[in-house]
Amino acid sequence: MGSRTVVADVADELARRVTAGEYQPGELMPSVRQVAEEFDMNRATAQLTLGRLESYGFVEARRGKGFTIRDVREAGGIDVYRHLFRFSVPMPDVAIDMFRDIVEVERGIVMDALLAYTASAQDIDPVELKSAIDQLESLARREVPDYQQILAIEVVLVRTLLTSLGMSMQRAILNSIGEMVLEVPEAVQAFFAGAADLHVLVWRALVAVWESGSGPSDAQLALFEDLFGMYHEKVVAKFEDLLVAEPVEQTHAATA
1 MGSRTVVADV ADELARRVTA GEYQPGELMP SVRQVAEEFD MNRATAQLTL
51 GRLESYGFVE ARRGKGFTIR DVREAGGIDV YRHLFRFSVP MPDVAIDMFR
101 DIVEVERGIV MDALLAYTAS AQDIDPVELK SAIDQLESLA RREVPDYQQI
151 LAIEVVLVRT LLTSLGMSMQ RAILNSIGEM VLEVPEAVQA FFAGAADLHV
201 LVWRALVAVW ESGSGPSDAQ LALFEDLFGM YHEKVVAKFE DLLVAEPVEQ
251 THAATA
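Number 107 in my numbering belongs to position 107 of the sequence shown; there are no gaps in the numbering.
Keep in mind the hints are simulated off the structure, nothing from the lab. Remember, predicted model here, so these are calculated numbers, not experimental data. Hints are supplied without guarantee of correctness; some may be wrong.
Said to hold, decoys possible - Quick list of simulated restraints, FRET-style, between CB atoms:
#	residue 1	residue 2	range
1	Gly66	Gln220	53 to 61 Å
2	Ala61	Asp146	40 to 48 Å
3	Met169	Arg62	28 to 36 Å
C-beta: ideal position from N, C-alpha, C; glycine also.
Starting from the given sequences, assemble the full structure and let the hints guide the process.
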């Protein structure tokens, strides 16, 4: 089980079973005693494990009954969706559908932020933006680019724009999306369906537009939106290729 705790590993296995439909909404989870027996742990540890599953939002405690399985797909919030996505990776069809939704929401938030900031007073210090982009370029030029770190910096850049624009709800959703994607190696890799250098070039072009003060033309905006949409289609296709190309178990074993 590596450096993870027994509680975390067993809670993840139980959550995977809920995600896969092995346990159905409304049913009772296996009892503390049953969990302890199946996973060869004491009852106190089994209780902690079910408590962790409750913190994921997958079950709810019922006094005198135990833990009841929630309909996580219908009633779960963004935090539950995050766990659902992570546990769905061994089921490519489910994971790909979920990733497509994630990408669509991310695209909308990022596009809105970029366009709104272009039309705003643009009060972020350009030096701050350029420093972050310099970091991106340094990471992108490595022989083996650090995709996870590049993506994390890009999330910070968009978060900075959203903060400047006062778009706090979109910022919160973006933060959750960032956490979802960064937890799944295949999702991180998919966001680099093109070369990492392209991400740097786009950010530098945007800063140049903001510094010019003239803003892009309508034709340039339309082209940018089309290119952005095409890029995200490639991201989803790349994710699908990664899940279908090799067994998920092997992929995750390599990243453990």
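Hints breached by this structure: Going through the list in order, the structure violates no hint and respects every one.
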